[in-house]
Amino acid sequence: MADAVHIALAGNPNAGKTTLFNYLTGAHQHVGNYPGVTVEKKEGVYLHEGQKVQIVDLPGTYSLTAYSVEELVARDYLVNEQPDVVVNIVDASNLERNLYLSCQFLELGMPLVIALNMIDVAEKRGISIDTEKLSQLTGVPVIPIVARTGKGVVELLETVQTVSRADARSQTLIRYGVDIDEALRKLIPIIEEHKLLVETYPASWTALKILENDEQIVAKVMMKNMTVGQQLIDCGEVLTRHLQNTLEAYPETVIADHRYGFVRSVLRQGEVTQVTEQDRLYASDQIDKIVTNRVAGPLLMAAVLLGLYSFTFNWSGFLVDGLGMFFDLLGGLTETILPDGPVKSMIISGVIDGVGGVLGFVPIIMFMFFGIAVLEDSGYLARVAFMMDRIFHFFGLHGSSVMPFIISGGIAGGCAVPGVLAARTLRSPKERMATLLTVPFMNCGAKLPVLTLIIAAFFPNHQAGYLFLATLVAWLVALMAAKFLRMTLLRGESTPFVMELPPYRVPTGKGLLIHTWERTWQYVKKAGTVILGISILLWGMMTYPGLPSEKVAEFEAMRQSAAVSGFADRTADGATDGTTALLRINQLEAEAGLRYSIAGRIGTSLEPISRFAGFDWRTNIALVGGFAAKEVIVSTLGTAYSLGEVDPDSTTSLKERLAGDRHWNPIAALAFLSFIMFYSPCFVTVVAIAKEAGSWKWAFFSMGFNTVFAFSMAVGIFQLGTLLGLG
Amino acid sequence: MMNLRKMQTGQSGIIASVKIGGSLGLRMREMGLVPGTEITVTGRAPLYDPVKIRIHGQTLTLRNSEADYIEVDIKVETDPAEEKF
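So the sequences go chain by chain: A and B. Residue 624 in the working numbering sits at position 624 of the first sequence, with consecutive numbering throughout. Residue 74 in the working numbering sits at position 74 of the second sequence, with consecutive numbering throughout.
One should not assume that every hint holds.
Unchecked claim - Here are the simulated DSSO-like cross-link-like pairs (lysine-lysine), alpha carbons at most 27 Å apart as the crow flies:
| # | chain 1 | residue 1 | chain 2 | residue 2 |
| --- | --- | --- | --- | --- |
| 1 | A | K430 | A | K220 |
| 2 | A | K289 | B | K6 |
| 3 | A | K430 | B | K19 |
Just so you know, these hints were derived from the structure itself, not from any lab.
Work the whole structure out from these sequences, hints included.
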């Protein structure tokens, strides 16, 4: 058997690439990422007449410029991996735009086969295509197929085999008009003479890219040879000036227009369109009249977003509860089986809680991805972006940012972890990063018990009002922060909103399940190990070093004496006092232990600084604990106030304790509230940000930026409030 | 000739020029916004921006600030009854 043939599937989004890929590889596929970026890389294998064929599904693109990650990934893959054949999937019912991409494969000189997909749909619409003629005009084989049913795929595979054996590179020449052609004739010999990048790119392609002012290629050329590179760029600039003077156009646009010219001339000779295309989008247009209507549209959107939200968090509830119960059970079991000691403590508080932390999110993430897949596959998500863009664009974001914001807690009670993952639907890198970094400002479900506790303790008469205010402030701060980031660190042109509104479609069950499963599994696989590790680390910080032995002995002695006196009390007036005293000592010991631990020491040593915001060491420890998960703030506060572990759901004792403490007052409470809302995301979110942003740099940035921001806000509130004597 | 931003919903024409280069210019072209193409405004978002257009039998959206670069030769006003088609 000969070596495996290696083919790449390329084409426009929605042209049917993935359908063909799934049809060919079935279950034999592997989803990963391209190194350093978050673009999905799908690979698979199939057998054709005993021959192994390796197949890669490249990201869907409209073009091969250097302007988007997907396009860069696709073209880098083609030149670096040199697949034996590129199968270009072309939507037969939208030939003009699809063939524009094909032109660029021809320019790149790849061994190409065009798969004319959805030929049945095109025929139904009265478009008849002369594939022979098309093949003759483009210089590459053209095979009509229907990827959905597999019609024509065998013939396609045979053609792929033939082309892979022939080692034929396409030789089709596209003309770009006199000015460009002349410039190319000048550049190509120079590139060939100095052997610039010729081992990777055809000289004609490099020349074309220099004229198009393609960032990546210009940089590569300059790195290889500065002087010649400058000479080439100068040639390009002469051309640009000339085109500006004569046509008021740029070289890249003239080149693009001539590609279309080539496509149109091919179509004129090879394709006959008979029927106008009004009918196809008739249904979609009618739906859009309601769905994007000025009044009904936003109302419907509010309902859909609320529906998605409640689907994600409420419907997944039984699974979340089930998993929670399972881990409680497991913890209980370990409690009884293992002997007391550090191993037991680590397994329960580090490992089981850590694994529980990873898996606890899985049902929510699964439901969210399913809900988003429904909205995405049906075409509604694009309409949401369309309707919301005016608002979000103002803050430097994108219409599609609305989804991550809602999921993260735009409706109070969400979760930033699925929210961060939901930002995947954003295609524009800067807007996406700004979204990733600002969604943790929303009030997630874990912050709510803390907010409720503080509000109930200090503002008992306005609970609902304050909670609503917290939601509004979260939105305001998140959007302003996004604007700030887009004006500073993430400065740059906003990504164009020139995008396709796909016709409405009924999503297929299989597609939805594959989508949901792939994305959820990626979360478990990629984030799981890191989260487990950090969970154990945090457990260690809250536990070690343990109290010195003389301290432990002291508490032990206290317990002894309490037991004795309790026994004496019992003979006098009942049983309660002795046990209460014992419990009290245990709580005091827990408090002392926490203060003695690394987390406690951090909290104590930060007190001189945190004083400015009105936080004492107890609050600090609780906030350190909150990095594990925000709901931990409540239980840690409980331990720090030596009330024992406080259940976040019933906090009466802690509430009264706080309200009566001399360190606390309404102003300190407000400062604390604002800090909790905006400080570092919990570490699960931080891990998710690192994975989605493709670098830990941004994850650490979000920890630092958010904490500094939240602290300044808390200090501002506390100092101003104290100054005005409101405390 | 009319700027795309000023076109009303339902108005059609032929793209006369797309006067922008760089990433936006290329993005517009790769999505099919090239001179000589028939274009119809099919709607606007609730806040009047972005605009929704029909081109090559597909629906595209673009912001008003992006539409500014596109000049359209408007089709001679047709009978409103005919426009319904």
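Right, here's what the structure says about each hint:
As the CA atoms of K430(A) and K220(A) are separated by approximately 24 Å, the hinted pair is consistent with the 27 Å bound. Of the pairs offered as hints, the one joining K289(A) and K6(B) holds, with about 20 Å between alpha carbons and a cut-off of 27 Å not exceeded. Taking the CA atoms of K430(A) and K19(B), the gap is near 25 Å; set against the 27 Å cutoff, the hint holds.
Checked against the numbered hints given earlier, this structure breaks none of them.
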